[in-house]
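Could you put the whole structure together from the sequences, leaning on the hints where they help?
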Amino acid sequence: MTQQKIESELKSVINLCKAVTSGSIEPFDIDVDYILSVIRKHYPELKNVQELCTDASALKELSNVLERQKDWIQYKTTTLYKDPFLLNQQILKMEISNIAKVFLKSWRPLVEMEQISAKTLAGSLGYWADLIPLNDRWKEPDLMLIDAEIATIEDAKMLGFLPEEGFVQSLEAFWVELGQKANETGIIDYWDWIGADTYEETVKRSYLTVFLVSYGYANIKIDQLTDSIEISYNKEQNSNPKQSKISIPTMVDYEEWKKWRKE
Amino acid sequence: MAKRIRSEAAYSSKIRHAVHLLFFQHHRLPGVRGWELKQELGPEWQEILEVLDKQLQILDLKVMRVFDDPNIIEPDSNQLADARFYITLRGSIDQKTAKTIGWRVDDIAGLAVSIAYIISKQGKSPRVEVEKILQEKLPGWRVKMNIDRYIQQGYLGEDEKGILFLDWRSRAEVDQKQLVDLIINYGKKSSLTEEKYTEN
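Chains as they are written, first to last, in the working numbering: chain A, 161 to 423; chain B, 972 to 1171.
Don't read these hints as lab results, they were simulated from the structure. Quantities reported herein were computed from a predicted structural model and do not represent experimental measurements. Be aware that one or more of the hints could be misleading.
As the list claims (entries may be wrong) - Taking lysine to any residue and the SDA-like style, the derived pairs with C-alpha atoms no more than 20 Å apart in a straight line are:
{"no.": "1", "chain 1": "B", "residue 1": "K1103", "chain 2": "A", "residue 2": "P244"}
{"no.": "2", "chain 1": "B", "residue 1": "K1159", "chain 2": "A", "residue 2": "L252"}
{"no.": "3", "chain 1": "B", "residue 1": "K1009", "chain 2": "A", "residue 2": "K418"}
{"no.": "4", "chain 1": "B", "residue 1": "K1159", "chain 2": "A", "residue 2": "Q250"}
{"no.": "5", "chain 1": "A", "residue 1": "K418", "chain 2": "A", "residue 2": "V363"}
Have a look at this one:
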């Protein structure tokens, strides 16, 4: 037998097995013994790597067929299995309206909504009002050439580019403030603590609070169920041993801040 | 340590949040993955869904979970995180209601036959075979159109070789065992199957 014919036969075996794995042919419609005999017959005649690879592919596809046969037997033992022929006959016997009735008894349609709420509509209108027109957003920036001058550190502090005091001093002052504002048990609500007249100041207070907690000057308690967050004041620098040493991301949501301001 | 039991009231804000997540479509496909629910509702997300499911019972709705692998029976935490959660009808609907939500009786029957046939073929069947069985009772032009519609709506999937399989929506919405049982036993005088499912 020519090498070309051997390769062609092996490829036919591969295609046949692939038809089973794709579902076009029933797993037991294939005579596994016969296919194995074809592969076995050609094996001694294989001469190069290419032919050996085709032979290996044929064996692999045949093993996939055996796997499908195993799945098929397993499926037949389940309560879901019904003979396809019997099912076909029954479908052909039934009237369309009866098939529909039967289906409706086992159909539980999904419930989903695409409705816009008054709240989201109001929010969107607010966004639209705040949105800068495209002409303004896309216009070329007005650049102006100015003479640069040298500023001292004092000047930078006066202009607000540098803090008046060092970070450690700010943190210590912030700690003292926490002690004064917290109640007798040393606890204060998160928003009551970080909330300030301006959003910028609120963000700054939240930022410093994270350091207070990290350095053990305060603890943070988050209740997942009620969404409440509390800050507790430590008289001495002492971190809660139960609290794991991880960074705590704190939310300073603008909408939340506006809501807090209204309250 | 005994499991801490919380009252339904304690979950109220979380339940409201779960309703928003599950009822409103957030992605291209409806439903929410388990990991998303865990992220939004916290570690007690499964208990929250249980309470929500109980509350939805009186509205004839239920929280349904669907796994990517339909063979999963006892899921582990990773499989639960990957599962998709939906709100579905708890009971069944009648033909009149089905019509009002845009389904012709032919469309429903065609879907029933397609799903039942694919189930009987172990979850996969060439499209031509499904078309052939549908053509027994529906005009040819309508058969192709209907199968395309079932695919588009997520009831059926089709691979590049033209093999149809049950897609996510069939797994979420259709009680496959009940459907096949009802078809097989339809018209049998002594069969209690239909009565059993009607009562349910």
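Verification of the supplied hints:
A C-alpha spacing of about 14 Å is found between K1103 of chain B and P244 of chain A, which places the hinted pair at or below 20 Å, so the restraint holds. With a C-alpha separation of about 15 Å, the suggested pairing of K1159 of chain B with L252 of chain A holds against the 20 Å cut-off. Note on K1009 of chain B and K418 of chain A: the hinted pairing is violated, with a Cα-Cα distance of about 28 Å set against a maximum of 20 Å. For a cut-off of 20 Å, the pair hint linking K1159 of chain B to Q250 of chain A stands: about 11 Å separates their Cα positions.
The suggested pairing of K418 of chain A with V363 of chain A holds, with an alpha-carbon distance near 13 Å, which does not exceed 20 Å.
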